[in-house]
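Novice: The lines below spell out each chain.
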Amino acid sequence: MSLRNIGIVYRKELVDSLRDRRTLVSMIVVPLLIMPLLTIGMGALSILLVGEAMKEVPQVMILGGEDSPQVVADLKQLKDVQIVPTKADYADEISDKKIRAAVEIPPGFEAKLAAGESSTVKIYMYEGELKSGFGADRLQRFFRELRDNSIRENLKARHLPDNLARPFDILEQNVAPPEKVGGAILGGLVPYFVILLCLTGAMYPAMDLTAGEKERGTIETILCSPVSRTHLVLGKFLMVLTASIATAILAITSMALSFGAGKKMLLGVTHGTADAALQITITGKAIVSIFCVVLPLAVFFSAALLALSIFAKSFKEAQSYISPLMIVVVMPAVAALLPGVELNAALALIPVLNTSLVSKEIITGTYHWNLIALIFLSSSVYAAIAIAIAVKLFQREDVLFRT
Amino acid sequence: MIEALHLVKRFRDKKRGEICAVNDVSFSCRPGEIYGLLGANGAGKTTTLRMLATILAPSEGTAIVAGYDVVKEPQMVRSRVGFLSTATALYGRLSAQEMVEYFGRLYGLDEPTLGRRIDEIFTRLEMNDFRDRRCDKLSTGMKQKVSIARTLVHDPSVMIFDEPTVGLDVMASRTIAGFIRECRDNGKTVVFSTHVMSEVQKLCDHIGIIHGGKLLAAGTLSELRAQFGIHDLEDLFVKVVES
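Those sequence lines, one after another, are chains A and B.
The numbering of the first sequence is numbering that gives the first Met the number 0, which starts it at 0 and goes up by one.
The numbering of the second sequence is numbering that gives the first Met the number 0, which starts it at 0 and goes up by one.
I should point out that these hints are in silico values taken from the structure, not numbers from a laboratory.
Quantities reported herein were computed from a predicted structural model and do not represent experimental measurements.
One or more of the hints may lead you astray.
[Said to hold, decoys possible] Pairs of lysine-lysine, DSS-like flavour, derived with a Cα cap of 25 Å:
hint, chain 1, residue 1, chain 2, residue 2
1, A, LYS54, A, LYS97
2, A, LYS391, B, LYS71
3, A, LYS312, B, LYS13
4, A, LYS315, B, LYS13
5, A, LYS75, A, LYS96
6, A, LYS96, A, LYS54
7, A, LYS96, A, LYS78
8, B, LYS14, A, LYS315
9, B, LYS13, A, LYS391
10, A, LYS315, B, LYS238
11, B, LYS14, A, LYS312
12, A, LYS391, A, LYS315
[Said to hold, decoys possible] Only part of the chain B face toward chain A is listed, based on derived beta-carbon distances under 10 Å:
hint, residue
13, ARG49
14, ALA52
15, THR53
16, LEU55
17, VAL70
18, GLN74
19, PHE82
20, THR85
21, LEU105
22, TYR106
23, THR150
24, ILE159
We put the beta carbon where it would ideally sit given N, CA and C, even for glycine.
Excised from the complex, chain B in its bound form (with noise of 0.2 Å):
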């Protein structure tokens, strides 16, 4: 369960002053569900999503995250989520084993437990065949699943992805759509951000459209097509944030 309450973010910048980056940021996503963060570019949407996962600390309002405070108690909550995001970088001289298992480690795993958790997700995303690469030498499909072997390597309850596909080809943007949608069925909390309609469309069963630092508009799909009167997603996320 993730319950974001009142979310505020400042930056402090030489040149423009104090910038508001998130502002006053509400929103609930409950286990089994996709929420999707949908906004351009500066839309406040990786600060948001950095705040859940406490890589940030809100400069005002405070996130719920697996029964967690993410201002009072963000190891707790760390321990408990999955972060995945393009700035989410593998070390490069690490093989993808010893990526995994550094990481399984700092989530506290013992050793038996954490040697099953690798056999399992190694398996069931078909690593073992690179497992002793280093993250260096593997393609973009296969760094993608490294990255997705690292976060659930401790089995968190919920999952946070921050434009996850960005830079991405059409087959390891399927990888990781199919990879949350499992997220979902496997009764995760799952909140991801994006830019791109179809993705929206095709996973989120909640969606946020944030602009500004503001969330302009939340609902289903459905809902948020009957409160504008557009059919198309596009028109209205421009729609949205043009009024």
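Only chain A is shown next, with the shape it has when bound in the complex (with noise of 0.2 Å):
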């Protein structure tokens, strides 16, 4: 083994692909703006658009109460809500966001609550919309008021405690730290994104230096050369490694500095009461612990991608079958992001799941020392087999010359 050669092959596809324009795109910007976007962009853009949607006032429709004129005239006494002329498709008009929702009054309604006999009051609205949901909110924050004032009323009347219909009080109090919190809330969108730009960073460095290599008729110039295929796949998967790695490690510099500016913006903007899914904080070990983990996973990748390049003739042919990759990543990543998803031993050996899951419990200060080294290990094994396969097919003279 010549760590000579191994070298000199390194540092000139280092040379190479550092004056590629497309390889620094996916290598150093793509992970540098990716994170911000996510954080502060994302951020910025849902304050904005649930800051327009609040300051609007949504229009609502009342049906019946013809009976009820009083509470029909406290609904049109509200400023933060516009009633609007009954029409008969009003859940036409709502699904068409004409309207933001309408609330039918039962016919006797205004007695029935006197004679303190029970009725139900709909509330009809636009499930999962945002602006409907305001206007719907609001009108049954107006009849819980009334609702709970009439209960106030009845036992004043009778000369009964205020506390009688509701003798205790429920308290959620969270005693979870902070970070552990934000962690379960975001913390499976943090490695989930690593990993993909692991993948993406090695992604066009890979194909390039192999397909691209065959297209442009430069592999051959290099099979000339008295440097070894072993030697000659071990510098380039090197390069393609290095990529893999320096567009994880600024996705991770990137995602913590941009949580941090992130975290201030909001904590300014809402002076100090964020919620806790924002205070997300990621320290210096849970960088250098995902770091660790993902390695693994960076050599795994960079030679599998490696591997499935050299086979194609052309780059077009690499990214065809680098596409579907994708895919096969993305999914264990979003199945780490299900609820109830929990790492254990088993889902330790499954690749990219397992780095996934750990790297989620790294982020809300969980280490499990055990499953952390067993998912070392088995990445580190899937790695060496993707290399070996690399190394094998640079061998093989139908893969190399494959017309």
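Mind assembling these two chains? They're in different frames, but the hints should get you there.
Specialist: Dropping the structure here:
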């Protein structure tokens, strides 16, 4: 094994790749931009959109209520909803977003209320639609207050204490540290993007250094030099790995900085009362640990991509082989985001999913060292197999000179 | 010195099954000689030369190149051979100097020797004006010179040229022809393949006519003319191939 030759090939591939705009974009620009865009950009955008939605005075319709003039009059008095004339096709109006919600007041509502008889007020809305939700919420708040006031007045009339209908309160209190809460909510997304960027960072150089060389006709040039094919593939592999790791490091660093900046921004906006989900803190220990578990995965990706690409006749063909790989990688990475999927010894053997799950745990500050070791080991075995396949394929004439 | 000894190369093709691209080809070429492998497209020239350059391994037979067996010691062969073809392109994002340096290092040259060799070659081939220019920004003629510099950097004793003038204009072709002659004059063993009759007439000391993977006739031009009784090389070639 000549390290000198591997080093010569690696240095050349590094210089060559760093002069290629497409490699630079996938290796440096994408990871540096995607994290701030996802955190600060998406955060700012959602604040903006919710703010806009909250500014709108929702138009709501009253159905019935002819014999409950006081309730209707009180509804019309509300400043944060606009009552529109009643129409029979209220459901279509809501679905078409012409109005936001409708409330159906049952016949004899006020009389029943006064008599202490039960009745049901129905609120019609467009589920999942933000502005409709705001309109329905406002109507619900109005009727809840009406119900509470009615209970209070009834109790008062019977000289009974206020708390009779509410003998005790239930208070839910979080005891987990903020980073665990934030990590549990957003933690899954972080490894998902790191793993994905690790793959995309390696993708372009892997295709360029193999199928690209075939297409440009330089493969025969390099094969007539005395460098052995094993050294050649290892030098190329190191370059692809460098791209993958550089992408991962930049993504992790950019992510940590973006969360820091995003948190400050949101705490500033909300005067220190930001939601727990936003209170995610990524520590230095977490960054180093994620890097360590992602490293063998990056080796696996780099070798697998290299093996797939060398098989292709052209850059285009390599793309068609590699694109489905994205789905293969995304699926286990997404599976880690599903609720209830917890890391165990069996899942620690499934590539990608294991790294995604353990990274999620690391972000929440949980370190299962035995599982981390198992994941590192299993990922290393997969990586070694992928390297062996790539080296083997580089020895095959029918692969190198596939026409 | 090159000695091809019963070289055979078979490929597997999904549609056509097993194909014998080179079938029992033997010839030899001594230092200071140019051996021309003359054949039509698909005759087996490229495959034969790729086996001599150890880019492909023979299915049967072997060749001794610069004293080393292509099957047993391919790396030793490669470090003594300069291989040039239209398929041996340049790395577009490297400069002319970086391209030659890269190969010089792979051939095991130390830095002082490499620097000296590059200065010599770049001066001789008048490449100093574009030594720092990226290969993808060079003209065809300049690229050809970089390829020549790449094959010469380790001062090989054997030169193999696979249709080196295909697609080149007259000036670039003349540069290559001049370079091939210079190699012979410097005592190198030269094998080159072509389907251009005029190139063979101008350059070759010995000629081998290859068709369907088989070497059908071999000898000097005058020997072949005498053997087949035909003076015109093109007519001679057609007769050999059709017989």
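Novice: If a hint holds in the structure, say so; if it doesn't, say that too.
Specialist: Each hint, compared with the structure:
1. A:LYS54 - A:LYS97: holds (17 Å)
2. A:LYS391 - B:LYS71: Holds, because 19 Å separates the two Cα atoms, which is no more than 25 Å.
3. A:LYS312 - B:LYS13: holds (16 Å)
4. A:LYS315 - B:LYS13: Since the Cα atoms of LYS315 of chain A and LYS13 of chain B sit roughly 22 Å apart, the hinted pair holds (cutoff 25 Å).
5. A:LYS75 - A:LYS96: OK: LYS75 of chain A and LYS96 of chain A at ~21 Å, within 25 Å.
6. A:LYS96 - A:LYS54: The hint holds at about 16 Å.
7. A:LYS96 - A:LYS78: holds (20 Å)
8. B:LYS14 - A:LYS315: holds (23 Å)
9. B:LYS13 - A:LYS391: Holds: LYS13 of chain B and LYS391 of chain A sit about 21 Å apart, inside 25 Å.
10. A:LYS315 - B:LYS238: violated (44 Å)
11. B:LYS14 - A:LYS312: With a Cα-Cα distance of about 18 Å, the restraint between LYS14 of chain B and LYS312 of chain A holds, given a limit of 25 Å.
12. A:LYS391 - A:LYS315: holds (23 Å)
13. ARG49: Interface hint status for ARG49 of chain B: holds (8 Å vs cutoff 10 Å).
14. ALA52: holds (5 Å)
15. THR53: This interface hint holds because 8 Å falls under the 10 Å limit.
16. LEU55: holds (6 Å)
17. VAL70: Where the cut-off is 10 Å and the nearest Cβ of chain A is about 14 Å from VAL70 of chain B, the hint is violated.
18. GLN74: holds (5 Å)
19. PHE82: holds (4 Å)
20. THR85: Since chain A brings a Cβ to about 8 Å from THR85 of chain B, closer than 10 Å, the hint holds.
21. LEU105: holds (4 Å)
22. TYR106: Interface hint status for TYR106 of chain B: holds (6 Å vs cutoff 10 Å).
23. THR150: holds (9 Å)
24. ILE159: holds (8 Å)
Comparing the model with each earlier hint shows violations of hints 10, 17; every other hint is respected.
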